[in-house]
Amino acid sequence: MASTYDSIATQTLSSAATSVTFSSIPSTFTDLVLVTSAMGDSGVIDMVLRFNSDSGTNYSSSRLYGDGTSAGSNRSINATKIDVNYSGSVSTTAPITSVITIFNYANSTTYKSVLMRSADVGGTYQGVNMIASVWRGSSNQAITSLTVSGTANIKAGSMFTLYGIKAA
Amino acid sequence: MPPVHKLSAMGSLTTNKIDYPSMLAGNATYVPPSFESISTVNVGSGGAGTVVFSSIPQIYSHLQVRCTVRSAGAATYGTSDTLSLYVNSDGSTTYFNNELVGADGSAGTLSFSGTNNSTYSSSLGWMATSSSNANVFSSHIIDILDYQNTNKLRTIRTFSGYEDNRNGNGYGEVRIGSSLYQTNTTAISSLYFFVYSSANFAQYSSFALYGIRG
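For the record, the sequence lines run as chains A and B. For the first sequence, my numbering assigns the number 1 to the initial residue and increments by one for each residue that follows. For the second sequence, my numbering assigns the number 1 to the initial residue and increments by one for each residue that follows.
It is worth saying that the hints were derived from the structure and are not from the lab. As the structure is a computational prediction, the values presented were derived from the model and not from experiment. Glycine included, each C-beta is placed from N, C-alpha and C at the ideal position. Among these hints, one or two may not hold up.
Unchecked claim - One side only, chain B facing chain A, incomplete, derived with CB under 7 Å:
id, residue
1, 39
2, 40
3, 68
4, 161
5, 165
6, 174
Stated by the list, open to error - Take a look, some chain A residues computed to stay more than 10 Å from chain B by CB distance:
id, residue
7, 24
8, 30
9, 72
10, 104
11, 119
12, 142
From just these sequences and the hints, can you work out the full model?
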């Protein structure tokens, strides 16, 4: 019996880089799960997620957060990316960890929905986040690549693993 | 036990034979996957009033349902409806639902609620409807831990959300929820999903049930 929850690829940065891309993602799974553990290289950075190199205003997100003092929510629509962390939270020493699920990524009929949990621990903002997002790609295109980009270099040693989950 | 021979590794029946001491014949022991697909329902063009997983095998430690859904009906509240669940076909006043929600029409709001003695599990999250933007589906990850243990009540844990990318009449939310099923400690053998308003699930809604081994 084939495994249902498979590792597709892992990228651990051997040197600092501004982005990490998983391309030619096989269409054989039902959902994707991206796990990140990443730091800023020379200062606090932010990280964003995009699909199929689309930087158009095709993303929107709702976020629920708690920062140790308060809890709240906010929202962005017609955005050019999905924020993986809250502003100013990816430090040089403590990795932001996130688990990002992308549902039904290979279909070409619906928009692609995303659920994410992330923890920011070392930057100017510290807290936990839960985020629901949608990507309205042109013609509901299947996701074949995804890119996590930093506002500045992502530190060497940062790790990104992409998994696939296959339904019967 | 006499030696075992693997035909695919033999030169012939009489020469170049490799003797294996066990029935594995040099093959690795089969280890079933820890996360296994049990069943999937993809809603077709006519829609579906309910989605049911029955006769769930009692061989796993935990269950997980991953679904993307949309109601074919109009919204019950705002642009949304509620993804709802009966456990073991039980619609009695047995569910204790708790939710924490970040939701938004145009400005951020945070809410939490708890309701006991509900007749269904209502904390699975709000779902997109025909009042939502086209092609928008809500996503839900539903965990039922230790589902076959007959010594404890069961909690249904959910992480869900959706975005329809509109202000004003639009809606986006992210939600965590739990439902305590209080009727009895009988093992969970069926899950019965429905739209709260009794509308159909829209075409392209999909539900996948997985088993997780301990």
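Against the structure, the hints:
no., hint, result
1, 39, "holds, 6 Å"
2, 40, "holds, 4 Å"
3, 68, "holds, 5 Å"
4, 161, "holds, 2 Å"
5, 165, "holds, 4 Å"
6, 174, "holds, 4 Å"
7, 24, "holds, 24 Å"
8, 30, "violated, 6 Å"
9, 72, "violated, 5 Å"
10, 104, "violated, 5 Å"
11, 119, "holds, 15 Å"
12, 142, "holds, 13 Å"
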